[in-house]
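Using the sequences and the accompanying hints, generate a full structural model.
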Amino acid sequence: MFSDKKEEGNRGNDLDRAIENSRRDFLRKLTLAGAVTVTGGAAIYSGHRFEKAKHREGYVKVLTEDNRLVEIPVEQMRDFKPDLKMLQSRGREGIAGKRWVMVIDLSKCRNARKCVEACQSAHHLRPYEYHINTLVMQESVNTPAFFMPKPCQHCDNPPCVSVCPVDATFKRQDGIVLIDNERCIGCRFCMAACPYSARIFHWQEPSKHEEDGGKEYDVELNVPQKKGTISKCLFSADRLREGMLPYCVSACPNGVFYFGDENEDAVTNGTTKETVRLSELLEKNGGYRLMPELGTKPRVYYLPPKNRIFEFEQGEKKEYKEEKA
Amino acid sequence: MDEIRFNTPHEKGKIDSLASDILKNVRINASFLLWMGFLFTLLAACLFAYTIQLRKGLGVTGLRDFTSWGMYIANFVFFVATSLCGMLISSVLGLIGYNWVKPISRIAEIIAIAFAAVAGLVIISDMGRPDRLPYVFLFGRVQSPILWDVTVVTTYFVLSMLLWFFPMIPDLAIAKDRLQGRPKFLIKAYELLSFRWMHHEVQYRILGQAVRILLILIIPTAFAIHTVTSWLFAVTPRTGWDSTIFGPYFISGAFVSGAAAVIIAMYFFRVNYKLEKYLNARVFERMGRVMVLVAIVYLYFNLNEFLVPAYKLKAGDAIHLRELFTGHHAMLFWGIQLFGLVIPIVLLLFRQMRKPVPMMIISLLVLCASWFKRYIIVVPPQAHPNLPIQNVPVEWAVYSPTLIEAAVTVASIVLVLIIITILSKLFPVIPIWEMAEEKEDAERIIQ
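Protein sequences, first through last, are from chains Y and A. Just so we're aligned, residue 1 is where the first sequence starts under our numbering, counting upward by one. Just so we're aligned, residue 1 is where the second sequence starts under our numbering, counting upward by one.
Honestly, the hints are just simulated from the structure, not real lab data. None of these values were measured; they are calculated from a predicted model. Some clues are possibly wrong.
[What the hints assert, rightly or not] Cut-off 30 Å, straight-line C-alpha distance, at most; resulting in silico cross-link-like pairs (DSSO-like, lysine-lysine):
id	chain 1	residue 1	chain 2	residue 2
1	Y	Lys321	A	Lys56
2	Y	Lys114	Y	Lys324
3	Y	Lys318	Y	Lys208
4	Y	Lys227	Y	Lys81
5	A	Lys56	Y	Lys215
6	Y	Lys324	A	Lys56
7	A	Lys56	Y	Lys227
8	Y	Lys85	A	Lys56
9	Y	Lys297	A	Lys312
10	A	Lys184	A	Lys425
Given below as structure tokens:
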């Protein structure tokens with residue numbers, strides 16, 4: 001009951017703030033719209049004249065990689081599809097200037113497992129194959145149980161990367177630890193070395209291996225998955241490249257996940273889309289990392305499960321059965 | 001001045017008698033063919049199991065995400081361990097100057113070669129993508145202990161081959177004229193491999209120097225192979241593997257299993273090859289003492305490895321050690337410590353037990369325990385990771401090896417036996433010229 005009232009109060013404040021914001025917004029937009037109309041109109045007019053003068057039937061203008069404007073016949077146009085080589089080289093480099101970071105607010109996790117489902121459907125995994133898993137944790141008998149979503153921690157000192165004999169798993173400049181399953185030899189040394197059990201192995205043909213058969217392998221999505229190789233959480237590197245939040249982050253209905261760039265000191269909540277200061281969020285809520293004593297320096301932070309506004313309900317325990325391929 | 005060794009009638013007679021004793025086993029007879037037929041049939045059956053694994057993936061094993069290293073890796077560690085016997089016998093004991101190791105040095109090298117060679121194959125059977133084996137050489141990263149392991153195991157294998165072959169060149173020269181009735185290819189091979197050895201003093205001096213260099217080189221290499229193998233585990237932050245004494249712990253254990261393997265082989269060759277004169281009670285007696293020594297050293301490391309963490313009982317260690325001492329693996333753990341270490345040490349302290357038959361039985365026990373000890377080192381630390389095992393099929397939590405895994409493991413052991421059989425049946429298993437020299441020394445001392 002108490003907690004409900006508190007929520008209503010919050011909502012009232014939010015409303016006031018929203019009205020205030022929209023008023024300001026409106027004025028700002030009005031000025032902007034005026035400016036845009038004038039300059040845009042002029043630009044469109046001159047562009048129209050230019051096009052009229054220059055346009056040739058059956059040709060299209062294309063900007064090349066070295067910034068030249070060229071014309072090519074329409075019938076020679078092809079949709080660009082990055083090939084394996086390009087996918088792999090850009091997948092290994094990462095996105096310049098970024099240091100991705102995730103914050104998981106344990107006080108909000110109610111074990112909806114939407115993060116798990118979104119992740120599994122994006123990466124073509126079976127219901128018991130996890131890049132992210134929500135675990136029931138209890139630190140000691142006298143402390144309460146809580147749910148803990150556990151993705152790969154994307155350590156800055158990753159034991160898995162150190163031990164890999166063939167550079168199949170690697171650390172990118174934007175902080176993400178990826179696996180290249182075109183390179184992986186399946187020795188599973190990385191699994192042995194990972195203290196967070198973050199890695200899975202394809203012991204048999206992956207779930208969608210037939211329909212994924214002809215697809216070009218995207219190292220940032222790790223699809224198609226391959227038998228006899230490792231798979232793991234990728235911080236949804238493919239979505240980050242498109243400027244979107246990771247699959248798990250945007251799928252969460254309870255506002256558990258924040259994701260963002262450490263360099264900008266800003267993280268965005270996947271549910272509310274609210275952007276906050278990373279340092280402030282961690283400082284105010286007592287953020288911590290898993291097993292800091294190991295020196296792995298994870299890029300995933302947790303906020304402790306305090307002030308939970310719901311009862312801890314484990315629900316029915318689901319039985320998982322291994323599918324035989 | 002031509003100094004030819006073994007050119008007096010007296011020495012020639014000695015060589016003759018030695019050669020006839022030792023070379024009588026170098027032949028291709030019915031029992032050899034039968035034995036090889038049996039081994040190859042078994043190998044084929046077991047390799048069929050491996051083809052299933054190749055087709056369906058490692059899912060046909062009992063391995064899953066949590067215990068992802070199992071019987072194969074345990075077997076690999078056991079093989080590398082046992083292969084260390086070559087270094088122990090020829091180098092450590094030989095360089096100290098113990099002459100009694102001369103008749104068994106070649107046996108030890110044969111075992112070393114066989115186990116080191118097959119160890120590499122065992123690792124391949126554990127790979128999810130064996131077709132990508134060349135990647136290890138194409139894209140190898142020096143940071144990874146796997147690269148170190150590949151490098152040193154190959155080096156050790158090559159050095160062991162040379163240590164087996166170099167001292168055998170004079171023997172091949174001695175034998176090539178005494179192989180009447182043997183298949184032609186064998187005589188041809190002997191002629192080819194003896195490199196027209198003349199028994200010249202200079203040749204012997206060069207050979208002696210070469211062998212000495214190899215004997216010294218192989219000591220750090222052998223230490224490296226098993227230390228690096230232990231580091232495959234010790235470099236991970238996993239409770240039960242995260243130990244600073246893993247290197248010496250593994251090395252001392254390797255001497256135990258290596259010595260056991262040599263004793264078993266000694267007994268076999270003594271009885272089957274009728275070599276009682278050379279593999280005599282004295283050699284067994286001495287090997288018994290060596291066994292006691294290496295087993296006590298290993299026991300000491302066991303004490304350190306288990307007692308110290310058991311005293312502190314840090315969270316992870318507490319779970320791990322409870323599993324070993326009283327839990328799921330308790331029977332195996334105590335069985336290994338008792339029958340593989342404590343009882344053999346106590347028994348071998350008595351002179352009556354250092355006779356060939358009891359020694360062979362004790363060594364069989366020790367060797368089996370050594371295999372299971374590797375299993376206990378590899379498997380249990382993975383069963384209790386830092387974070388709980390949840391939301392997965394229940395059977396994933398506990399590793400139980402499948403028939404296919406067992407079959408592939410048997411294949412590796414069969415392969416070891418095949419290599420040992422070929423090397424010991426087609427070539428003299430006891431060094432002829434070295435024995436002749438040793439006899440000479442003994443006689444000179446007596447006179």
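Here is how each hint holds up against the structure:
In summary, the hint linking Lys321 (chain Y) to Lys56 (chain A) is supported, as the alpha carbons are separated by about 18 Å, within the 30 Å threshold. Of the pairs offered as hints, the one joining Lys114 (chain Y) and Lys324 (chain Y) holds, with about 25 Å between alpha carbons and a cut-off of 30 Å not exceeded. The suggested pairing of Lys318 (chain Y) with Lys208 (chain Y) holds, with an alpha-carbon distance near 23 Å, which does not exceed 30 Å. About 25 Å separates the Cα atoms of Lys227 (chain Y) and Lys81 (chain Y), which keeps this hinted pair within 30 Å; it holds.
Between Lys56 (chain A) and Lys215 (chain Y) the CA atoms are separated by roughly 21 Å; this keeps the pair inside 30 Å, and the hint holds. For the proposed pair Lys324 (chain Y) and Lys56 (chain A), the alpha carbon gap of about 10 Å is at most 30 Å, so the pair holds. Restraint check for Lys56 (chain A) and Lys227 (chain Y): satisfied, since their Cα atoms lie roughly 9 Å apart, inside the 30 Å limit. Among the hinted pairs, Lys85 (chain Y) with Lys56 (chain A) is consistent with the structure: their alpha-carbon atoms are about 29 Å apart, no more than 30 Å.
Proposed proximity of Lys297 (chain Y) and Lys312 (chain A) is supported: the alpha carbons are some 26 Å apart, at most 30 Å. Simply put, Lys184 (chain A) and Lys425 (chain A) have alpha-carbon atoms about 15 Å apart, close enough for the 30 Å limit, and the pair holds.
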